[in-house]
Every structure is written in C-alpha cells, then in structure tokens.
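K.L.:
Residues per chain, in single letters:
2 protein chains.
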Amino acid sequence: MDPAVSARPPGETARTQVRRLPNKAVTDRARVHRILDAGRIAHVAVVGDGSGRRRTPNPELDDPIQPYIVPVGYGRDGDRVLFHGSSASRLFRALAGGAPTCFTVTLLDGLVLARSAFESSMNYRSVMVLGRCTELTGPAKLAALEAISEHLLPGRWADIRPPSDKEIRATTVLALSLDECSAKLSDGDPDDDPADLDRPTWAGVVPVRTVLDPPQPSGDLRSGIPAPNYVKDWV
Amino acid sequence: MDPAVSARPPGETARTQVRRLPNKAVTDRARVHRILDAGRIAHVAVVGDGSGRRRTPNPELDDPIQPYIVPVGYGRDGDRVLFHGSSASRLFRALAGGAPTCFTVTLLDGLVLARSAFESSMNYRSVMVLGRCTELTGPAKLAALEAISEHLLPGRWADIRPPSDKEIRATTVLALSLDECSAKLSDGDPDDDPADLDRPTWAGVVPVRTVLDPPQPSGDLRSGIPAPNYVKDWV
Numbered sequence: 001m002d003p004a005v006s007a008r009p010p011g012e013t014a015r016t017q018v019r020r021l022p023n024k025a026v027t028d029r030a031r032v033h034r035i036l037d038a039g040r041i042a043h044v045a046v047v048g049d050g051s052g053r054r055r056t057p058n059p060e061l062d063d064p065i066q067p068y069i070v071p072v073g074y075g076r077d078g079d080r081v082l083f084h085g086s087s088a089s090r091l092f093r094a095l096a097g098g099a100p101t102c103f104t105v106t107l108l109d110g111l112v113l114a115r116s117a118f119e120s121s122m123n124y125r126s127v128m129v130l131g132r133c134t135e136l137t138g139p140a141k142l143a144a145l146e147a148i149s150e151h152l153l154p155g156r157w158a159d160i161r162p163p164s165d166k167e168i169r170a171t172t173v174l175a176l177s178l179d180e181c182s183a184k185l186s187d188g189d190p191d192d193d194p195a196d197l198d199r200p201t202w203a204g205v206v207p208v209r210t211v212l213d214p215p216q217p218s219g220d221l222r223s224g225i226p227a228p229n230y231v232k233d234w235v
Numbered sequence: 236m237d238p239a240v241s242a243r244p245p246g247e248t249a250r251t252q253v254r255r256l257p258n259k260a261v262t263d264r265a266r267v268h269r270i271l272d273a274g275r276i277a278h279v280a281v282v283g284d285g286s287g288r289r290r291t292p293n294p295e296l297d298d299p300i301q302p303y304i305v306p307v308g309y310g311r312d313g314d315r316v317l318f319h320g321s322s323a324s325r326l327f328r329a330l331a332g333g334a335p336t337c338f339t340v341t342l343l344d345g346l347v348l349a350r351s352a353f354e355s356s357m358n359y360r361s362v363m364v365l366g367r368c369t370e371l372t373g374p375a376k377l378a379a380l381e382a383i384s385e386h387l388l389p390g391r392w393a394d395i396r397p398p399s400d401k402e403i404r405a406t407t408v409l410a411l412s413l414d415e416c417s418a419k420l421s422d423g424d425p426d427d428d429p430a431d432l433d434r435p436t437w438a439g440v441v442p443v444r445t446v447l448d449p450p451q452p453s454g455d456l457r458s459g460i461p462a463p464n465y466v467k468d469w470v
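For the protein sequence lines, the chains are P and L, in the order given.
Everything in the first sequence is counted per my numbering, starting at 1 for the first residue and increasing by one.
Everything in the second sequence is counted per my numbering, starting at 236 for the first residue and increasing by one.
Just chain P, with the same shape it has in the complex:
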C-alpha cells in the first residue's frame, strides 16, 4: 500500500480531512471509485425524520440531534453515488428534502493479529461522502435505477421487467456528489512496537473475503429455465 498524502486534495474539506491516522488517507479519486465499485452496501446517516411534514409534533421523534443510519444498496455514475428507497420512508423523505447526510462504504479485508492488544486491528478500505442528496426524476430516475441494478446485479437489467409508473412513484431515487469525500485504506502486516517483536507470539493477517455461492433457484421457478450465464460469472 502506498497511500499518498497531500494537504487538502481535490474533494477534501476540513470536514472530510482524515485526521486520525492520516497516513491511511487515500487521495486518488480513481481509488475512491474502485473502493465504491467493490462494495454493495452503504450506510447513510441523516438527522431527524422530515418532521416538518408531520401534522402533529412528536417529541419522541423530533429530537433535532438524533442521527439515524439506513443501510442501502447503491451504484455509481461517474462522480455521483446513487441509491434508492421507499418514497414512504421518513428517512428517505428527509434525504430527498436536502438534509445533510453522510454516506459510508466499508470493506473489511483482514483481521490483523499483532503481538499486542493495542496494535491488533483490521485491514479495510472505506469511503465517506458528505453532502446533500438530489432527488432524481423522469428519465434520470429510470437511468439511475438501471445503474444501481447493474452495479449490484451486472447483466440483469436486460432480463427483468422494468419498473411500472406506479413502482417508479413508490421509489425515491437519490444522487449524492463525490465533491466532498475522503477514503481510508489499511492493509499489510501488523505494525508492532519493536519491543514486542521478540515475544513468542504468532503475528500476521487473516484475510477476510466476501464470496458469492452458486445461484439457488426460486421455489416458484418454471421448469426448464436455467441460471443465466451472467449470474454464473459473478461467482
């Protein structure tokens, strides 16, 4: 790993500047794209719940500083991440309304077994994006749904029934620019204190990987329909 560090690279602000362990900062936008493209699930945070639209105030829900996190599948289109959720979700209403958000993708790559508790850690790649989402409509909304599907299920879109107008209305599709983002990457061997190197303790890394198992047909699949080649290619 060679995470080049510069003071305030493009896309970084005081809010996304990597302060802890800055040697793990990744400043190359292409690398940010690669991390995003290797993930499937993002965690998105938002404060409150669009309570401005609630008819009756609810003190239990309207705490102005309570953050919520929602896990989402996502895709990427150039320098924007794309994700969707139910139009009826209060968190998606808040996001569509322009509430500040934090979008995070974390990929766990390994368990790092150092000789001390303090240096024991994990290898990972992560991206954090800050900003406010834009709600997509019209042709851009359908194109984003296809981009998300093709990120998560490459080759699938041409094979399935596209969303109906009613289904599209039931879905909120959001785009978030990578204008303000940061990434971190940790890999390689444990970084033990020199004084610990002579301990008779094994040290190293246990790699962690996400794997796809062979496709399992649905119980209601009509006989004679084989699993498509594009699915076999994922495994």
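In short, the hints are calculated from the structure, not lab data.
The hints are all genuine.
Once the Cα atoms are required to be at most 20 Å apart in a straight line, the calculated SDA-like pairs of lysine to any residue come out as:
(1) P:K232 <-> P:G155
(2) P:K232 <-> P:V211
(3) L:K467 <-> P:V208
(4) P:K232 <-> L:P435
(5) L:K401 <-> L:S324
(6) P:K232 <-> L:D344
(7) L:K401 <-> P:A195
(8) L:K467 <-> P:P200
(9) P:K232 <-> P:D159
(10) P:K232 <-> L:T445
(11) L:K467 <-> P:D109
(12) P:K232 <-> L:W437
(13) P:K166 <-> P:A143
(14) P:K166 <-> L:S356
(15) L:K401 <-> P:D191
(16) L:K467 <-> P:T201
Chain P is fixed; fit chain L onto it per the hints.
P.N.:
Chain L alone, transformed into the frame defined by chain P:
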C-alpha cells in the same frame, strides 16, 4: 424465516419501531444478540464533533445537523455493545460526551433476483441501536477491551501483550445499551408479482458469505512460531 411482529416489543420505541416492511421486523432479543454476534463491523453515527470543547468556533465544522459515520469493530457484553476508538478522535469525544448516537450492524446474506426490477432486492440481517454511550473507565475499561478482542479474535487475548497504562489512556472505550433497538431480517426467495411468474426469466437467490482465508504470517515473524490452533479454528 418467521419474524413475529408485535406492537412495541421490549426495547422498541417509536423511534426504533420498524415502519417500512414491518413483516421483516425481528422482535426476539436472543435473535438481536445472534445478529450482533455474527458481525464484526458496526457503523456508528453522531452529529457534530464535540465542538463545545473547541477553543475557536469553526463554522465549517460546527453545522449542528451534519451527521458523521464511523465504522468500528465491536463486541457485546449481555445487553450492551462495546466499541473503542482513539481518545484524540473528535467523533469519539462527542460520543464519550453523551451525544445521541445510532449504532448499526448490517449482514448481507444474498442477492435476490426477482423477475421484476421492483422486487429485486437483497437478503440481510440488521440491527439498529439508538441511545447515548457510556464511557468506561478502570477495570470495566480493560474488561471491555478484552470482550471486544475476544469477539473479533476469539482466543487471542491470552496470547498477546495487554495494553499499557499509556495505551489504555490513548483509547476511549464506549458501551451502548440495547434498551432501544430494532432488528430486521429478510431471507428466502424473491417475492414476485403473480403476473410476472410466467416470464421466461430465471429467478432465485445468490447467497453472499464472508469467509476467512488461511492465516498469513507477518514478514517480521520469528522463525519457528506456528499459527495458533485458535486462529486455524476461525477459518
């Protein structure tokens, strides 16, 4: 899967009540424990950065409604989750100061290939905990560090150098009660619209699993030290 649903089970409040797809709600506390015990990484959200402790106000950092997410390794002790971070981290200072937080664990179990775009989805297990953290000190702090280590690296604690006083001071250890939590679980076949079942499209699930590969010794490992049996047991 049989996620029983009841109105407001123990530990659930209006804030954690599962509103979207409530049929996916998991109300059994033992099941919440099992989901937490199967994960390694949590995403923790907090608003702001403990700016009350900043000597000079910084408008770029002090937006009161900007949430941040930090990924953490974690452990569990009964009905509390435990995690740690650097005492110098502004987000950990905010959490230790009692800022409201959201702690989320998401396990991706499968890609769900329905016959329509709208019903295409993912199988997952997730837990969301809301609350304010308690900072641990003294013997409870060391015990929590051991619990986190034993969750992530079972059997390792007895083999490594315990943290020094200086290392313990550099670490903030937090506990968050499961008093206010919810869980969701989605598994099984795609849930296609009956009108789509006669499409000549394959449908089913591609299972997703996290696997550990064989341990890789550190480049600075002294010769003759074998990988411990407890590590081999993880794979």
